[in-house]
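Undergrad: Sequence:
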Amino acid sequence: MVSKSYKASTPTDEKIDTPLIVGVIHAEWCGHCQQLMPEWKKLEDEYENNNKVKIMKLEASESNKADELNKLNSQIKGGKKVEENGYPTIFMIKGGNLLYNEKDRSVDGLRDWIQSNLSPSPAQKKPIQGGGKKRTRRNRKSRKQVIRK
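11 is the number of the first residue of the sequence shown in our numbering; add one for each residue after it.
Rather than coming from a laboratory, the hints here were simulated on the basis of the structure.
Hints may contain errors.
To be verified - Only pairs whose alpha carbons sit at most 25 angstroms apart, straight line, appear in this in silico DSS-like list of lysine-lysine:
hint	residue 1	residue 2
1	Lys104	Lys81
2	Lys87	Lys104
3	Lys51	Lys64
4	Lys51	Lys62
5	Lys75	Lys62
6	Lys52	Lys104
7	Lys81	Lys51
8	Lys91	Lys67
9	Lys90	Lys113
10	Lys67	Lys51
11	Lys113	Lys64
12	Lys67	Lys87
13	Lys67	Lys90
14	Lys67	Lys52
15	Lys62	Lys87
16	Lys62	Lys113
17	Lys52	Lys62
18	Lys91	Lys75
19	Lys52	Lys113
20	Lys64	Lys104
21	Lys75	Lys51
22	Lys64	Lys87
23	Lys87	Lys75
24	Lys91	Lys64
25	Lys75	Lys104
26	Lys104	Lys67
27	Lys64	Lys90
28	Lys62	Lys90
29	Lys104	Lys62
30	Lys52	Lys87
31	Lys113	Lys91
32	Lys104	Lys51
33	Lys62	Lys81
34	Lys75	Lys64
35	Lys52	Lys64
36	Lys91	Lys62
37	Lys51	Lys113
Can you make the complete structure from the sequences, with help from the hints?
TA: Structural data, given as structure tokens:
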């Protein structure tokens, strides 16, 4: 017998965490891309078994690049799309938002960028509770004292 308050859980009842997608669009002939690829390989190895971060790369001349970009673009809110802004283009999809990395391309710089986006933003952190003066019997006025004045 199932009680009236019982509710079967559905997949939509549970919070589904989507991984942070970090990708690069590169070209084999590009000198900057050739410098980046050894660093990118280190990054791929570092996050290989991490279920919170998905590292990917797209070669500019691959035949399935358009299909891969369409899959990525379907995860982005607001009609934005991953665009090739020159080579290499390093991007991140975090919670449906598209971000581009235009800073340090070393493995340390990329790792810092990823880690800073994995931690919750200040708006998502829980506020600190408490903070006022603790009320004790001695510093608390009785109702009678307040009414008499």
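Undergrad: If a hint holds in the structure, say so; if it does not, say that too.
TA: We went through each hint and held it up to the structure:
Between Lys104 and Lys81 the alpha-carbon distance is near 15 angstroms, which keeps this suggested pair within the 25 angstroms criterion. Of the pairs offered as hints, the one joining Lys87 and Lys104 holds, with about 10 angstroms between alpha carbons and a cut-off of 25 angstroms not exceeded. Between Lys51 and Lys64 the CA atoms are separated by roughly 13 angstroms; this keeps the pair inside 25 angstroms, and the hint holds. For the suggested pair Lys51 and Lys62, the alpha carbons sit about 18 angstroms apart, so the restraint of at most 25 angstroms is met.
The hinted pair formed by Lys75 and Lys62 meets the criterion: a straight-line CA distance of about 24 angstroms does not exceed 25 angstroms. For the hint pairing Lys52 with Lys104, the CA-to-CA distance comes to about 21 angstroms; that is within 25 angstroms, so the pair holds. Note on Lys81 and Lys51: the hinted pairing holds, with a Cα-Cα distance of about 23 angstroms set against a maximum of 25 angstroms. The suggested pairing of Lys91 with Lys67 holds, with an alpha-carbon distance near 16 angstroms, which does not exceed 25 angstroms.
A threshold of 25 angstroms between alpha carbons decides the hint, and for Lys90 with Lys113 the separation of about 21 angstroms falls inside it, so the pair holds. With a CA separation close to 10 angstroms, the supplied pair Lys67 and Lys51 stays within the 25 angstroms bound. In summary, the hint linking Lys113 to Lys64 is supported, as the alpha carbons are separated by about 20 angstroms, within the 25 angstroms threshold. A distance of roughly 21 angstroms separates the Cα atoms of Lys67 and Lys87; the hinted pair therefore holds under the 25 angstroms criterion.
Taken as a hint, the Lys67 and Lys90 pair is honoured in the structure, with Cα atoms around 19 angstroms apart against an allowance of 25 angstroms. For the hint linking Lys67 to Lys52, the alpha-carbon distance of about 13 angstroms falls within 25 angstroms, and the restraint holds. A C-alpha spacing of about 19 angstroms is found between Lys62 and Lys87, which places the hinted pair at or below 25 angstroms, so the restraint holds. Restraint check: the Cα-Cα separation between Lys62 and Lys113 comes to about 22 angstroms, which is no more than 25 angstroms; the hinted pair holds.
Straight-line distance between C-alpha atoms of Lys52 and Lys62 comes to about 17 angstroms, which keeps the hinted pair within the 25 angstroms bound. For the proposed pair Lys91 and Lys75, the alpha carbon gap of about 14 angstroms is at most 25 angstroms, so the pair holds. Simply put, Lys52 and Lys113 have alpha-carbon atoms about 18 angstroms apart, close enough for the 25 angstroms limit, and the pair holds. Under the criterion of a C-alpha separation no larger than 25 angstroms, the hint pairing Lys64 with Lys104 is consistent with the structure, at around 11 angstroms.
At most 25 angstroms may separate the alpha-carbon atoms for a hinted pair to count; Lys75 and Lys51 meet this at roughly 19 angstroms. A threshold of 25 angstroms between alpha carbons decides the hint, and for Lys64 with Lys87 the separation of about 19 angstroms falls inside it, so the pair holds. A distance of roughly 20 angstroms separates the Cα atoms of Lys87 and Lys75; the hinted pair therefore holds under the 25 angstroms criterion. A threshold of 25 angstroms between alpha carbons decides the hint, and for Lys91 with Lys64 the separation of about 18 angstroms falls inside it, so the pair holds.
About 21 angstroms separates the Cα atoms of Lys75 and Lys104, which keeps this hinted pair within 25 angstroms; it holds. For the given pair, Lys104 sits about 17 angstroms from Lys67 by alpha-carbon distance, which is consistent with the 25 angstroms threshold. Note on Lys64 and Lys90: the hinted pairing holds, with a Cα-Cα distance of about 20 angstroms set against a maximum of 25 angstroms. For the proposed pair Lys62 and Lys90, the alpha carbon gap of about 23 angstroms is at most 25 angstroms, so the pair holds.
For a cut-off of 25 angstroms, the pair hint linking Lys104 to Lys62 stands: about 11 angstroms separates their Cα positions. Straight-line distance between C-alpha atoms of Lys52 and Lys87 comes to about 30 angstroms, which puts the hinted pair past the 25 angstroms bound. Distance check on the hinted pair: Lys113 and Lys91 sit about 20 angstroms apart at the alpha-carbon level, within 25 angstroms; holds. A hinted pair counts as satisfied when its Cα atoms are at most 25 angstroms apart, and Lys104 with Lys51 qualifies at roughly 21 angstroms.
The hinted pair formed by Lys62 and Lys81 meets the criterion: a straight-line CA distance of about 18 angstroms does not exceed 25 angstroms. For the proposed pair Lys75 and Lys64, the alpha carbon gap of about 17 angstroms is at most 25 angstroms, so the pair holds. For the given pair, Lys52 sits about 14 angstroms from Lys64 by alpha-carbon distance, which is consistent with the 25 angstroms threshold. Our distance criterion of 25 angstroms between C-alpha atoms is met by Lys91 and Lys62, whose separation comes to about 22 angstroms.
Restraint check for Lys51 and Lys113: satisfied, since their Cα atoms lie roughly 18 angstroms apart, inside the 25 angstroms limit.
The structure shown violates just one earlier hint, number 30.
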